[in-house]
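K.L.:
Protein chains in written order, with the working numbering: chain A, 1 to 282; chain B, 1 to 321.
Note that these hints are calculated values from the structure, not bench results. Note that this is a predicted model, so its numbers are computed, not measured.
Keeping only pairs whose Cα atoms sit at most 20 angstroms apart, straight-line, the calculated EDC-like set for lysine to aspartate or glutamate is:
#1 Lys203(B) - Glu105(B)
#2 Lys189(A) - Glu170(A)
#3 Lys189(A) - Asp19(B)
#4 Lys181(A) - Glu170(A)
#5 Lys203(B) - Glu215(B)
#6 Lys181(A) - Asp19(B)
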Amino acid sequence: MISRYRRRRLLNAFNLTMAVLATVFGVFWLVWILWTTIRFGAGAVNLALFTRDTPAPGASGGGLRNAFVGSLILLGMAVAIGAPVGVLAGTWLAEFAARRRLGAVVRFLNDILLSAPSIVIGLFAYAIIVDPSGRFSAYSGGVALALILIPVVVRTTDEMLRLVPGSLREAAIALGTPYWKLVTRITWKAAASGILTGILLGIARISGETAPLLFTALNNQFWSTDLGHPIANLPVVIFQFAMSPYSNWQSMAWAGAFIAVAFILLLNLAARMLLGRRRPRA
Amino acid sequence: MKVIAPRSVPAGASRLSLDVLFRKFTGAIALLVTLSLAGILIALTRESWPALHRFGWHFLISTAWDPVSDNYGALVFIVGTVVSSVIALLLAIPVSFGIALFISEMAPRWLREPVSAAVELLAAIPSIIYGMWGLLVFAPWFGNLEPWINDHLGAIPWIGALFQGPPMGIGMLAAGIVLGVMIIPFIAAIMRDVFLVTPQALKESAYAMGATTWEVARYVILPYTRTAVTGGIFLGLGRALGETMAVTFIIGNANNLSASLLMPGSSIASVIANEFTEATTPLYKSALLALGLILFVITFVVLVLAKLLLLRLDRMEGRQA
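Kindly generate the complete structure, drawing on both the sequences and the hints.
P.N.:
Here's what the structure looks like:
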C-alpha cells in the first residue's frame with residue numbers, strides 16, 4: 001500500500017511540475033518575443049522614421065512615414081466599413097434573433113468567419129475587387145481588412161447587448177418606447193463600453209494583418225494617399241524589409257515591428273481597462 | 001435573459017413601420033455578413049476554375065509545381081500544411097493542457113489573471129512579428145540545436161529519417177514549433193474556460209475520496225470536458241492550417257516533398273503569399289487561387305467541427321448556444 005501511495009504522490013508531483021513548466025514555457029516565449037522586439041526595435045526608432053519615406057534598395061537613411069500613413073488610411077477604411085456593419089449585424093443577433101433558429105445559424109457562421117484564414121479573405125478581396133478593376137488598390141485592402149474586422153465586432157456586440165438586463169428593455173417598452181428607439185437610445189448606450197471594446201480588439205487584430213494586404217493594397221515605395229492605387233503599409237513593409245539582405249532595412253523592420261506591437265498591446269490594454277471584468281471570450 | 005419582440009404596438013402605424021424597418025435593415029446586414037462565406041466559396045471557385053478544369057482531380061494528388069511548363073499540383077503544399085500543423089498540435093496540446101491545469105487548479109487566485117493575460121497576449125502579437133522573430137532570432141538559435149537533433153533523434157530507427165538534415169534553422173520543424181506557440185493561447189484559453197466550469201462538487205467528491213490533483217484532472221475534469229477540449233484543439237488546428245506570415249518566413253519555401261522535417265518545405269498559405277504577385281500566366285494565378293479554395297474548404301470543415309463540439313461548452317455554462 002505504501003509504495004502505491006508513494007507512486008501516486010510521485011506521479012502527481014511530477015505532472016503538476018510539468019504543468020508549472022508548461023506555463024513557464026508559454027510565458028517564456030512571450031517574454032522572448034517582446035524582449036527581442038524591444039531590443040532590436042526601440043533602438044532603431046528615431047525621428048526620421050516618421051518624417052521620411054521608405055528608402056530605395058541599398059540606399060541609406062529614410063523612414064517609414066508612407067507606411068505609417070498608409071496603414072492608418074487602411075485601418076480607417078476598415079473601421080468605417082466594418083464597425084457600422086458589425087454593430088448592426090450584432091444588434092440584430094442580440095435584439096431580434098436571440099432565440100430564433102436563423103439567429104443561431106448566423107451566429108455559428110459568423111464564428112466560422114471569425115476564424116477563417118486571413119489569406120483566404122485576401123484572395124476573396126482580390127477576386128471581387130482587384131481582378132475586375134484590373135489593379136491593386138488601397139480600397140481593396142480596406143475592404144479585406146473590414147471583412148476580418150466585421151466578425152469580431154459582430155460577436156462582441158452580440159455578447160455585450162445580451163448582457164443588458166431584460167428588465168431595462170421591459171421598462172422602456174412599458175413606457176411606450178418604440179423598439180428602434182429602445183435599441184439606439186437605451187441598450188446601445190448600456191452596452192457602449194462593451195461594443196467599443198469589440199471595435200478596439202478588432203482594430204488590434206487587423207493592424208498586424210499582412211497576408212490579405214499582399215494581393216490587395218500591395219505596397220508602394222513612395223508617398224501615396226490615392227485610394228485607387230497601391231499604398232504603402234506597415235505590415236507588408238516589415239515583411240519585405242525583414243526578408244531583405246540589407247541591414248538598414250532589417251533594423252527599420254524591427255523599428256516598425258516595435259511600433260506595431262506597442263500599438264497593438266496598447267489597444268488590448270485599453271480594451272481590458274474599458275471592460276473591466278466582463279471580458280468576452282476570444 | 002428575456003427579450004420581448006415588438007408585436008402589436010397600439011400607437012399608430014408609422015412607429016410600427018419604423019420598428020419593422022429597423023429590424024429588417026439590421027437583419028439584412030446580418031445575413032449579408034453570413035453570405036460573405038458563400039461569397040468566398042463562389043468567388044474562389046470561379047477564379048480557380050481554369051486550373052480545376054485543366055487538371056481535374058489530378059490537381060489534388062500531383063506533386064508538380066512548374067510555372068515554366070504551366071503544370072501544377074497541390075499535393076506538396078497540402079502535405080506541408082498538414083505536417084506543419086500536426087507538429088504545432090503535438091507541441092501545443094500538452095503545453096496548453098499544462099497551462100490550463102495550472103490556471104484552473106493550482107495557481108493562487110491572485111496569479112490567475114496575470115498568467116491568463118500573459119498567455120492571451122501571445123495571441124495578440126501579429127503573425128508577421130512571429131515570422132520575423134522566427135527568421136531572425138529563433139531560426140539561428142534553432143540551427144545550433146539541430147546538429148544535436150541529428151545526432152540523437154536522427155539515430156532512432158524508423159523515425160530517425162525525420163530528423164536528419166542540414167542544420168539550417170529554417171524548415172518544416174521550425175515552422176511547426178513557431179506555429180505551435182502561436183496556437184497555444186487559443187487552445188489554452190478554451191481549456192481553462194471549461195476546466196473552470198467543471199462543477200466544484202464533482203472535483204470535491206474526488207478530492208474527498210483521497211484523489212490527488214493530477215487524478216482529479218485526469219479522471220474527473222478531463223472526461224467531463226472532453227468534447228469542449230477536442231473542440232478547442234480543432235479550433236487551434238483551424239488557426240494553424242491557415243496561418244500565413246509566420247510560416248512563410250520560416251518554412252523555407254521549397255516546392256518539393258522531403259522525408260526529413262529539418263528540410264525546407266512549403267504550405268498552401270506560404271506558397272500563395274510568396275508567389276501570388278509573381279504569377280504571370282492566368283493558369284498560374286488560377287492554380288494559386290485553387291490552392292486558396294482547398295485551404296478554405298479544409299479550414300471550413302475543421303472549424304465547423306470545432307464549433308459543433310464547442311456548442312456543448314455553451315450549454316454547460318447555461319448560455320444560449
